[in-house]
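My request is simple: use the sequences and hints to build the entire structure.
One letter stands for each residue in the lines below.
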Amino acid sequence: DAGVIQSPRHEVTEMGQEVTLRCKPISGHDYLFWYRQTMMRGLELLIYFNNNVPIDDSGMPEDRFSAKMPNASFSTLKIQPSEPRDSAVYFCASSPIPGQGSGYTFGSGTRLTVV
Amino acid sequence: AQKVTQAQTEISVVEKEDVTLDCVYETRDTTYYLFWYKQPPSGELVFLIRRNSFDEQNEISGRYSWNFQKSTSSFNFTITASQVVDSAVYFCARANSNSGYALNFGKGTSLLVTP
Chain A
1 DAGVIQSPRH
11 EVTEMGQEVT
21 LRCKPISGHD
31 YLFWYRQTMM
41 RGLELLIYFN
51 NNVPIDDSGM
61 PEDRFSAKMP
71 NASFSTLKIQ
81 PSEPRDSAVY
91 FCASSPIPGQ
101 GSGYTFGSGT
111 RLTVV
Chain B
1 AQKVTQAQTE
11 ISVVEKEDVT
21 LDCVYETRDT
31 TYYLFWYKQP
41 PSGELVFLIR
51 RNSFDEQNEI
61 SGRYSWNFQK
71 STSSFNFTIT
81 ASQVVDSAVY
91 FCARANSNSG
101 YALNFGKGTS
111 LLVTP
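In order, the protein sequence lines correspond to chains A and B.
For the first sequence, our numbering assigns the number 115 to the last residue and increments by one with no breaks.
For the second sequence, our numbering assigns the number 115 to the last residue and increments by one with no breaks.
Hints in this document: simulated from the structure, not taken from any laboratory.
One or more of the hints may lead you astray.
[Unchecked claim] With the Cβ distance kept under 10 Å, some of the chain B side facing chain A (calculated, not the full set): (1) Glu-44; (2) Leu-45; (3) Arg-63; (4) Ser-99; (5) Tyr-101; (6) Phe-105.
Each residue gets a CB set at the ideal place from its N, CA and C atoms; glycine is no exception.
Have a look at this one:
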C-alpha cells in the first residue's frame, strides 16, 4: 500500500488566494482526519470524516476553511481566502475502525506558506 | 478536550544514555487508546505504538519500551541506549469514541541525542 498520499508537498501562495490541499487515504480506512501543525498550537484536529461524512468540524478555525470528501478515496481542504496566519503544515491521516490494525497513518504533510 | 500532557519540552542526552519521555493523560472514559508518534527532522509522523485502555501490559520493541499505568494515567516511553538517529520530536496522543477516535496530541517532547 502506498500509504496516505498528500499533495502538494509544499505550497507558497499570496495572501487572499485560494488554496486547495488534497489527500488520498489508505483504501479500506473508514476514518479520515485533517490536522494542522504550528509551533504555537502544536498538532490540532481540524475536521474528521467517517465513511465520507463530516462528523466534527469544530476545529476548523473559521469560515475560510472548508473540507470535503466526495468519495472514499479523496478529500480536500480548502482555504479561501488564505492569510499569513494559515501558514502551517497540514496533515491528513486515515484509520480503520479503532481497535483494528496498528493505528492511524499520516501522510507526509503539506507545508503551506502564505506571504 | 481531555488533555494529554508532555511536561518535558526538550531533552538532551549523550548517545548510549537511557531516556524516558513522560506522558500523562486525562480521561473520563473506560475505553480509550494511547499512542506514541515520532516526528524526525524530515517532518513525517511515524507511528510507534498503540495501547488499548484494557491492556496494561508493558511492551518492549528493541530499544523502545512503554510503561502504561492506568492508576496514574501515564504512558511513558523509554529509549534504551539512545542513538543519534533517535533525535526527533515525540508525541503522545489519546483517542476515544466520544471524539470519533480523533487523536488528541500532547505538545511533544524534542529529544536531541548527541554523539
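Hint by hint, here is what the structure shows:
1. The restraint placing Glu-44 of chain B at the interface with chain A holds, with a minimum CB-CB distance near 5 Å, inside the 10 Å limit.
2. Hint status for Leu-45 of chain B: holds, given a least beta-carbon distance of 4 Å to chain A, under 10 Å.
3. Annotation: Arg-63 of chain B was flagged as interfacial toward chain A, and the flag is violated, the nearest CB pair being 19 Å apart, outside 10 Å.
4. At about 7 Å, the closest approach between the beta carbon of Ser-99 of chain B and any beta carbon in chain A falls short of 10 Å, and the interface hint on this residue holds.
5. Taking 10 Å as the C-beta cut-off, the interface hint given for Tyr-101 of chain B holds, the closest approach to chain A being about 4 Å.
6. With a least beta-carbon distance of about 4 Å to chain A, the hint placing Phe-105 of chain B at the interface is held under the 10 Å criterion.
Hint violations for this structure: number 3 only, all remaining hints satisfied.
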